[in-house]
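J.: All chains, full assembly: derive it from the sequences and hints.
There are 2 protein chains.
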Amino acid sequence: MKLSFKKSLITLLCLGVSASAFAQSSQLTKPEQLIKVRQSLFQTIGWNCTRIRQNLDKEYNKTEVIKSAEVIATLANSALDVLFAPGTATGKGWKDTAVKPEFFSKPEHSAQLLHQFRKEANTLAELVQTGSAEIVRPQFENLVKTCKACHDDFRNN
Amino acid sequence: MKLSFKKSLITLLCLGVSASAFAQSSQLTKPEQLIKVRQSLFQTIGWNCTRIRQNLDKEYNKTEVIKSAEVIATLANSALDVLFAPGTATGKGWKDTAVKPEFFSKPEHSAQLLHQFRKEANTLAELVQTGSAEIVRPQFENLVKTCKACHDDFRNN
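Chains A and B are the protein sequences, given in the same order. Quick note on our numbering: the first sequence kicks off at -19 and runs consecutively. Quick note on our numbering: the second sequence kicks off at -19 and runs consecutively.
Derived by calculation from the structure, the hints in this document are not laboratory data. Please note that the accuracy of each hint is not assured.
It does not matter which identical chain is used: a pair holds within one copy or between any two.
Straight-line alpha carbon distances no greater than 27 Å define the calculated BS3-like cross-link-like pairs of lysine-lysine that follow [claimed, not checked]: (1) 42 / 10; (2) 42 / 80; (3) 72 / 47; (4) 10 / 125; (5) 99 / 80; (6) 75 / 86; (7) 38 / 75; (8) 86 / 38; (9) 47 / 10.
T.: Okay, here's the thing in structure tokens:
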């Protein structure tokens, strides 16, 4: 009886661990979850772009711009390949994904646009350290162009 | 007639600029938008925490862990004060906010928990550079404790 209880307990514990590991793994691979994180990531990037734009249009606050540029660059360098994994061409995260099938059927073109986006984001994150709006402005426009290029080719509006 | 057309054009252009400036400013201050970005930011943090956890539980990939730790630290150091601005205690971003009113009515306590979260996230981002899961694990647990502390006190589940 004691042994049987022990065995049941071990089984339960193993099931618990498996369930937890499964839940964890599912969080990292389930298309709906990846789409939700992808939408979250670009929502965060978009808001920080608007924040930099306002700093360039109104009063320039170096600290604010540095923080926003670092958010954009860090997210651009993060696991975008995982978030755009095969199987995430359709599905609902916070809402239905707006990505076009061409993003996945033209992998060289989409990879090239993402590469360009990362490059401009990294350059911006370096330039904002100088503190000059005049230096930051053209590089911010370079970044925005890469956003627009990808939206034009690969996003339903 | 020509002058009147020119004046109308200028007025229209000015209206366009004002509308755009208003839209931009509204993106940065409208409670629903701030809540949406806040939810996006913590969704991104949560996913990257799960990714580090899986690396610690299964095969440890230093590059993956560094990327995720950098995302968490950069977002922790970003404009959280703006995203939790007064007026964002209730409202709907992607969904209704889960923040408790106490977050705003106990500003010293919430600021202290956010400070602790930032501190542990920054320490984690430094430690992951060593590449050792044994060193990273306890610091990751320190970070998770700060998430839990804030959720316990300030989040409706």
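J.: Could you run down the list of hints and mark each one as holding or not?
T.: We went through each hint and held it up to the structure:
Taking the shortest alpha-carbon separations for residue 42 and residue 10, only the inter-copy value of 23 Å comes in at or below 27 Å, while the best intra-copy value is 39 Å. With identical chains, the CA atoms of residue 42 and residue 80 are never at most 27 Å apart, being 36 Å at best within one copy and 32 Å at best between copies. In the homo-oligomer, the alpha carbons of residue 72 and residue 47 lie at most 27 Å apart only across protomers (25 Å), although the nearest pairing inside one protomer, at 30 Å, exceeds that limit. For the homomeric pair residue 10 and residue 125, the shortest alpha-carbon distance between copies (26 Å) is at most 27 Å, but the shortest distance inside one copy (31 Å) is not.
In this assembly of identical chains, residue 99 and residue 80 lie within 27 Å of each other by CA distance solely inside one copy; the values are 23 Å within and 40 Å between copies. In this assembly of identical chains, the alpha carbons of residue 75 and residue 86 lie at most 27 Å apart only when taken from the same copy (24 Å versus 34 Å across copies). Taking the shortest Cα distances, residue 38 and residue 75 never come within 27 Å of each other, neither inside one copy (33 Å) nor across copies (31 Å). Taking the shortest alpha-carbon separations for residue 86 and residue 38, neither the intra-copy value of 40 Å nor the inter-copy value of 33 Å comes in at or below 27 Å.
Within a single copy, residue 47 and residue 10 get their C-alpha atoms only as close as 31 Å, which misses the 27 Å cut-off; across copies the closest is 20 Å, which meets it.
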